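Undergrad: Produce the entire structure from the sequences given, and follow the hints as far as they go.
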Amino acid sequence: MELRFKNVSKKYGEVFAVNDVSYSMETGVYGLLGVNGAGKTTLMTMLCAVTRPTTGEITWDGNDIFKLGERYRDLLGYLPQNFGFYPDLSVSDYMMYIASIKGIRPAAAKKRLKELLEMVGLSKYRDRKMKALSGGMARRVGIAQAMLNDPKILVLDEPTAGLDPSERIRFRNLISELAADRLVLLSTHIVSDVEFIAEQIILMKAGKFFFTGTSDELIAGMEADVWNCKVFGNKVNEYMQKYPVGNVKHVSGGVELRILSKTPPSENAVREVPALEDAFLLYFGEKAGDEDAEI
Amino acid sequence: MLKCELKKFFSKMTNKLILAVLLLVSVIISFLAVDSMNYSDTGEEFASGTGRITVGRSRTSDKNKWKGRLTPKKIADAVGNYHKLEKADSESVWSDRSVKEEPLYLDILYFAANIYQTESDVVHADLDRLAEEDIEHIYDTYADNLQKVAKEYGETPEQEKLLREQYGKIEIPVTYEAYDSWKTMATYAEMYILILVVVIGFLAAEILGEEFRNHTEQVFFTAKYGRSKAVRNKIITGILTTTIVYWVGIGILSLISFGMMGVSGYDTPYQMEDPYNMYIVTQGQYYLLIVVCGYIASLLSASITMLITSKMHTEKIAVFIPIIMYWVPLIMGNRLSTMTKVFYFLTSALVNIDKGINYMTFFQMGNVVIRLIPFVMVLYAAVFLILLPYVYRSYLGYDSAKHSHRESRKRCRMERKLEERSI
Numbered sequence: 001m002e003l004r005f006k007n008v009s010k011k012y013g014e015v016f017a018v019n020d021v022s023y024s025m026e027t028g029v030y031g032l033l034g035v036n037g038a039g040k041t042t043l044m045t046m047l048c049a050v051t052r053p054t055t056g057e058i059t060w061d062g063n064d065i066f067k068l069g070e071r072y073r074d075l076l077g078y079l080p081q082n083f084g085f086y087p088d089l090s091v092s093d094y095m096m097y098i099a100s101i102k103g104i105r106p107a108a109a110k111k112r113l114k115e116l117l118e119m120v121g122l123s124k125y126r127d128r129k130m131k132a133l134s135g136g137m138a139r140r141v142g143i144a145q146a147m148l149n150d151p152k153i154l155v156l157d158e159p160t161a162g163l164d165p166s167e168r169i170r171f172r173n174l175i176s177e178l179a180a181d182r183l184v185l186l187s188t189h190i191v192s193d194v195e196f197i198a199e200q201i202i203l204m205k206a207g208k209f210f211f212t213g214t215s216d217e218l219i220a221g222m223e224a225d226v227w228n229c230k231v232f233g234n235k236v237n238e239y240m241q242k243y244p245v246g247n248v249k250h251v252s253g254g255v256e257l258r259i260l261s262k263t264p265p266s267e268n269a270v271r272e273v274p275a276l277e278d279a280f281l282l283y284f285g286e287k288a289g290d291e292d293a294e295i
Numbered sequence: 296m297l298k299c300e301l302k303k304f305f306s307k308m309t310n311k312l313i314l315a316v317l318l319l320v321s322v323i324i325s326f327l328a329v330d331s332m333n334y335s336d337t338g339e340e341f342a343s344g345t346g347r348i349t350v351g352r353s354r355t356s357d358k359n360k361w362k363g364r365l366t367p368k369k370i371a372d373a374v375g376n377y378h379k380l381e382k383a384d385s386e387s388v389w390s391d392r393s394v395k396e397e398p399l400y401l402d403i404l405y406f407a408a409n410i411y412q413t414e415s416d417v418v419h420a421d422l423d424r425l426a427e428e429d430i431e432h433i434y435d436t437y438a439d440n441l442q443k444v445a446k447e448y449g450e451t452p453e454q455e456k457l458l459r460e461q462y463g464k465i466e467i468p469v470t471y472e473a474y475d476s477w478k479t480m481a482t483y484a485e486m487y488i489l490i491l492v493v494v495i496g497f498l499a500a501e502i503l504g505e506e507f508r509n510h511t512e513q514v515f516f517t518a519k520y521g522r523s524k525a526v527r528n529k530i531i532t533g534i535l536t537t538t539i540v541y542w543v544g545i546g547i548l549s550l551i552s553f554g555m556m557g558v559s560g561y562d563t564p565y566q567m568e569d570p571y572n573m574y575i576v577t578q579g580q581y582y583l584l585i586v587v588c589g590y591i592a593s594l595l596s597a598s599i600t601m602l603i604t605s606k607m608h609t610e611k612i613a614v615f616i617p618i619i620m621y622w623v624p625l626i627m628g629n630r631l632s633t634m635t636k637v638f639y640f641l642t643s644a645l646v647n648i649d650k651g652i653n654y655m656t657f658f659q660m661g662n663v664v665i666r667l668i669p670f671v672m673v674l675y676a677a678v679f680l681i682l683l684p685y686v687y688r689s690y691l692g693y694d695s696a697k698h699s700h701r702e703s704r705k706r707c708r709m710e711r712k713l714e715e716r717s718i
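Taken in order, these protein sequences are the chains called A and B. The first sequence runs 1 to 295 under the working numbering. The second sequence runs 296 to 718 under the working numbering.
No wet-lab data here; the hints were simulated from the structure. Quick caveat: nothing in here was measured; it's all calculated off a predicted structure. Just so you know, nobody snuck in bad clues.
Using C-beta positions, here's what the derived DEER-type ranges look like:
1. 607/B with 70/A: 23 to 29 Å
2. 222/A with 510/B: 35 to 41 Å
3. 128/A with 535/B: 26 to 32 Å
4. 609/B with 115/A: 33 to 39 Å
5. 609/B with 196/A: 38 to 44 Å
6. 70/A with 326/B: 49 to 55 Å
Calculated cross-link-like contacts (lysine-lysine; reagent style DSSO-like; alpha-carbon spacing at most 27 Å):
7. 298/B with 114/A
8. 307/B with 111/A
9. 11/A with 606/B
10. 298/B with 110/A
11. 6/A with 208/A
12. 114/A with 307/B
13. 307/B with 110/A
14. 478/B with 650/B
15. 131/A with 611/B
16. 446/B with 464/B
In this text, a Cβ means the ideal position worked out from N, Cα and C, and glycines have one as well.
TA: Below, the structure written as structure tokens:
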């Protein structure tokens with residue numbers, strides 16, 4: 001069970017959205033991290049055989065996914081970033097429709113639908129019209145539809161977009177449960193989404209992969225330490241211009257800053273245990289965002 | 296899968312509204328048709344109120360006193376009766392005083408008068424020139440004139456042969472039964488069909504366009520059958536809903552209208568209206584011809600709007616196509632048809648059978664001669680069938696990159712700038 005892409009590029013006019021990336025994935029959770037416009041969504045649509053790469057090839061167990069066609073899509077579950085639905089269908093009718101185009105027989109689909117709605121906590125909303133669902137609920141239906149065919153490859157593009165913090169936690173737990181014997185590719189620009197569940201992290205920037213490895217490897221490779229220091233309020237801007245600054249916390253008598261630096265930024269600076277978010281800040285030069293975007 | 300697709304179609308609020316409006320329109324047109332048959336059974340006043348609902352039946356019932364084979368004697372009786380009344384009353388045959396009796400055999404008078412009138416562009420034959428003594432030989436004259444018309448309008452030996460073959464099928468003497476309901480409905484059905492073809496085009500376009508409109512295309516195309524059976528089912532749903540909407544609409548219209556006006560005259564030959572018409576059909580068959588052509592027009596409308604939607608990934612433009620296909624040529628055709636025969640063969644011919652049946656127009660290829668109506672029926676049914684694989688292929692050809700190419704380029708550049716700034 002291997003999804004491999006080799007020298008894959010996707011060009012829009014003169015711009016490379018994805019530029020010559022190669023990688024191989026097996027079972028487990030893969031977190032694809034990058035800022036808005038890094039090329040994550042383009043890569044995902046190619047992995048889902050919605051978009052053809054300009055150059056390069058994508059294979060599943062050695063076979064071209066575009067040639068595999070139905071056989072490949074049968075293994076696939078996909079939640080796109082802009083998850084759309086049929087507004088006049090009820091949740092269960094929507095799921096039954098998706099089940100039908102996924103080739104699941106009605107009897108099996110009904111059973112699976114019941115299980116999945118329970119899993120995403122929407123059992124009591126099964127007869128509610130899709131247009132009447134909140135953004136978070138619709139997103140959960142999106143996850144459920146991706147799981148209908150019990151996919152071997154589950155591709156989730158910004159799955160937590162629009163979810164509130166409690167739904168986000170619930171979602172992370174759900175992904176962990178689902179990841180047992182399948183390949184889960186999770187694209188996000190929210191570090192906390194992948195920090196605890198992704199076994200492998202892929203950092204993507206300007207259409208290229210510039211880091212692949214575990215969370216620990218990524219943190220260990222950081223060429224800076226993480227410091228916590230307390231400064232006066234009027235000095236905050238000065239520090240922010242000088243160092244990459246993560247958290248800014250107002251406390252009595254000043255402001256606490258989380259700073260990335262090779263040397264202690266101040267005399268009272270205390271070394272902290274680095275986290276994935278710090279690596280994100282270091283490599284992307286900005287704090288992990290929370291906006292929704294795609295490319 | 297098909298069941299789910301149909302369920303999706305019928306659960307859409309817009310579609311429900313459209314179908315409800317269509318139902319209302321069919322009821323309104325039915326009543327307009329029934330209401331168009333003014334007739335007084337008292338000889339004094341026109342029926343009013345609910346009395347108008349049964350007026351069609353009363354009229355038919357009275358006219359059917361003349362039902363049966365139109366022998367020269369029966370026609371002569373009608374002509375004699377007419378001249379007697381004319382003499383007695385110098386006023387028009389349409390005067391209130393004689394409104395009950397005189398129109399009853401008017402169909403027969405016009406049939407007789409039209410036999411002596413071989414020019415197809417004459418709208419009203421002259422009833423006053425009908426002479427009782429000539430009627431004895433009316434069918435001899437008719438037979439002679441049929442030969443003359445065949446020679447005159449058959450521009451090639453093959454066309455002339457076809458006309459002679461068609462005219463040979465006319466049963467002489469013709470059999471008459473009042474056919475007012477069929478005649479009325481031919482006009483009103485065409486009016487309703489003109490609405491149906493546009494609405495059906497819109498509904499079919501919606502079936503293929505909703506994925507793109509609702510942004511569900513990526514889930515759809517990544518599903519196992521998203522690039523095969525599911526697309527086929529969408530197209531089948533388009534055809535099925537076209538069929539259901541069309542026939543239910545026509546069914547309701549026919550049921551209400553014929554239910555009130557009756558179905559008398561189904562077997563009356565169309566030649567009662569136009570003795571030299573080359574289409575040898577009964578009044579009932581003529582109505583069926585109109586609705587079958589309307590069905591072909593609806594299927595064509597559906598397939599073209601589906602094709603355009605699948606190519607453009609939006610139904611916004613496709614929905615105007617049926618108007619261009621069927622309404623615009625009808626409006627322009629009245630002026631331009633005198634200039635070129637091409638207009639006879641446009642798609643609008645399918646929804647204008649009432650006019651098309653009167654054209655002595657042929658399509659000839661080698662020795663094969665086809666009349667206008669069968670030609671457009673076969674041509675556009677074939678076009679409909681040929682388009683289906685293209686609809687399928689063009690829907691399958693979806694590539695999200697192409698679809699959002701411009702947008703993505705713009706976004707990509709913008710994101711790069713943002714990144715560069717952050718670095």
